[in-house]
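Peer 1: Those protein sequences? They're chains A and B, same order as listed.
The numbers in our numbering rise by one with no breaks, and the one at position 216 of the first sequence is 216.
In our numbering, each residue's number is its place in the second sequence (first place is 1) plus 1000.
Some clues are possibly wrong.
Stated by the list, open to error - With a Cα cut of at most 27 Å, we get these calculated DSSO-like pairs of lysine-lysine: (1) B/Lys1087 / B/Lys1077; (2) B/Lys1177 / A/Lys108; (3) B/Lys1087 / A/Lys87; (4) B/Lys1215 / A/Lys87; (5) B/Lys1087 / A/Lys77; (6) A/Lys177 / A/Lys116; (7) A/Lys77 / B/Lys1177; (8) A/Lys177 / B/Lys1177; (9) B/Lys1037 / B/Lys1116; (10) B/Lys1177 / A/Lys87; (11) A/Lys31 / B/Lys1216; (12) B/Lys1077 / A/Lys64; (13) B/Lys1177 / A/Lys215.
These aren't lab readings, by the way, just hints derived from the structure by calculation.
Number of protein chains: 2
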Amino acid sequence: MEVRRSFHEELQQLIAQLLMMGDMVEQSIAKSIRALKEQNLELARQVVEEDDAIDALELEIEAKCLELIARQQPMAKDLRKIATALKIITDLERIADHACNIAEACLKIGKEPLIKPLVDIPRMAELARGMLKKALDSYANNDVQLAYEVCRADDEVDSLHNQVFRELLTYMMQDPKNIQQATSLLFISSYLERIGDYTTNLAEWLIYMVTGERKKLND
Amino acid sequence: MEVRRSFHEELQQLIAQLLMMGDMVEQSIAKSIRALKEQNLELARQVVEEDDAIDALELEIEAKCLELIARQQPMAKDLRKIATALKIITDLERIADHACNIAEACLKIGKEPLIKPLVDIPRMAELARGMLKKALDSYANNDVQLAYEVCRADDEVDSLHNQVFRELLTYMMQDPKNIQQATSLLFISSYLERIGDYTTNLAEWLIYMVTGERKKLND
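Here chain A stands alone, though its shape is the one from the complex (with noise of 0.2 Å):
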């Protein structure tokens, strides 16, 4: 005998599998930044090969919440729900894409000695996953107030980007030989201030989910 899963159902299976995809990109953006501090290339390739799971799982929970949608006609809360689920996995799926470029990065610098001992990249992307954390938690459970301190860690990463940028110029000044590797370190501290946008973004959709109201906070 045929069971019809119950809309409730479907939807929890929708929550877990965006949370799961969520989870992934985490640990995208922790491994690229593990492999660029301990030059782990064989690390930086695995982030880059996992990124294809990532891409597969957001076309898979965008079909799901199309057909939810199409199918189910949610009304009001379930269907704010099911908005946010499609708009955010464009979000996290361009956050693992930053996370490959990191990777991409590491690749290029290769074994060659730093130029620095990098401590405000790594503390940017510690900052980065919270958020991610944070914005997770929050569309778990419908908590808002998660959702605005996202928003609010991201002025830290801002500024964090913005010293490194001026940081990284002056090595560059100071001996052309740390032109190249200055260069992929500034790219990646600019991937990690747009993941911090991407995340403020997703919890933009998480205020919305919960209140109904969609207000841009960081632009």
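Fit chain B to the known structure of chain A by using the hints.
Peer 2: Just chain B, lined up with the frame of chain A:
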């Protein structure tokens, strides 16, 4: 007497608004690059200022999409048209953000003499604008062929970006005085490359809109 507009009229209005937003974004790209070429800081500031109107229009279209889905419970092709609008306005908004980033980089370069004549960067911008124009025509006319053309053009943008990147690194190494401006140009090139990526994502949605099939073409 209150006249309730038909769903069809509301959908047409949504499409018109989206095309208007697309037109504004296209103008932003064109203006930001003209500002760079002519070192026209007034025009650069205008691009930054006009970004607010694009952000506001995004939220307006988004609200309309969500409302139409909730209230009209559209099926099949109509739902795909609305879901596509809901997704691609984010790409449009981010393209506009990058035009804004380009304008900010112009302001940073200011009136100091350009370290090299700009050829490839305006060419990239022209290509990216052409891609966006095609994508918008594709949305307006449900033309899947145009959407495929958009995806193909992205390869040329990517290869120009790689060329610009290598060239600017050489300029930096030749003379440390070039570093600051070359870094700005490097980021401008990477913004254009990303505009190409966003437009490709957008075109992938257009293929879905017409055919009902989601494919990732540029990963």
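Peer 1: Are A/Lys177 and B/Lys1177 close enough, with their CA atoms no more than 27 Å apart?
Peer 2: holds, 15 Å
Peer 1: Taking only the CA atoms, is the gap from B/Lys1087 to B/Lys1077 under or equal to 27 Å?
Peer 2: holds, 15 Å
Peer 1: Holds or violated: B/Lys1077 with A/Lys64, Cα cutoff 27 Å?
Peer 2: holds, 17 Å
Peer 1: Given the proposed pairing of B/Lys1087 with A/Lys87, does the C-alpha separation stay at or below 27 Å?
Peer 2: holds, 7 Å
Peer 1: Just to be careful, I want the Cα atoms of A/Lys77 and B/Lys1177 compared with a cutoff of 27 Å; is the pair within it?
Peer 2: Violated - the C-alpha atoms of B/Lys1177 and A/Lys77 are around 57 Å apart, more than 27 Å.
Peer 1: Is B/Lys1177 close enough to A/Lys108, meaning Cα to Cα at most 27 Å?
Peer 2: holds, 25 Å
Peer 1: Need the status of pair A/Lys177, A/Lys116: alpha-carbon distance at most 27 Å?
Peer 2: This hinted pair holds, its Cα atoms lying about 13 Å apart.
Peer 1: For a C-alpha distance cap of 27 Å, please report whether B/Lys1215 and A/Lys87 respect it.
Peer 2: holds, 17 Å
Peer 1: With the threshold set at 27 Å, check whether the alpha-carbon distance from B/Lys1037 to B/Lys1116 stays at or below it.
Peer 2: Holds - the C-alpha atoms of B/Lys1116 and B/Lys1037 are around 11 Å apart, at most 27 Å.
Peer 1: Starting from A/Lys31, check that the Cα of B/Lys1216 is at most 27 Å away, please.
Peer 2: holds, 25 Å
Peer 1: For the pair supplied as a hint, B/Lys1177 and A/Lys87, is the alpha-carbon distance within the 27 Å limit?
Peer 2: violated, 44 Å
Peer 1: Need the status of pair B/Lys1177, A/Lys215: alpha-carbon distance at most 27 Å?
Peer 2: violated, 43 Å
When each numbered hint is compared with the structure, violations occur for hints 7, 10, 13.
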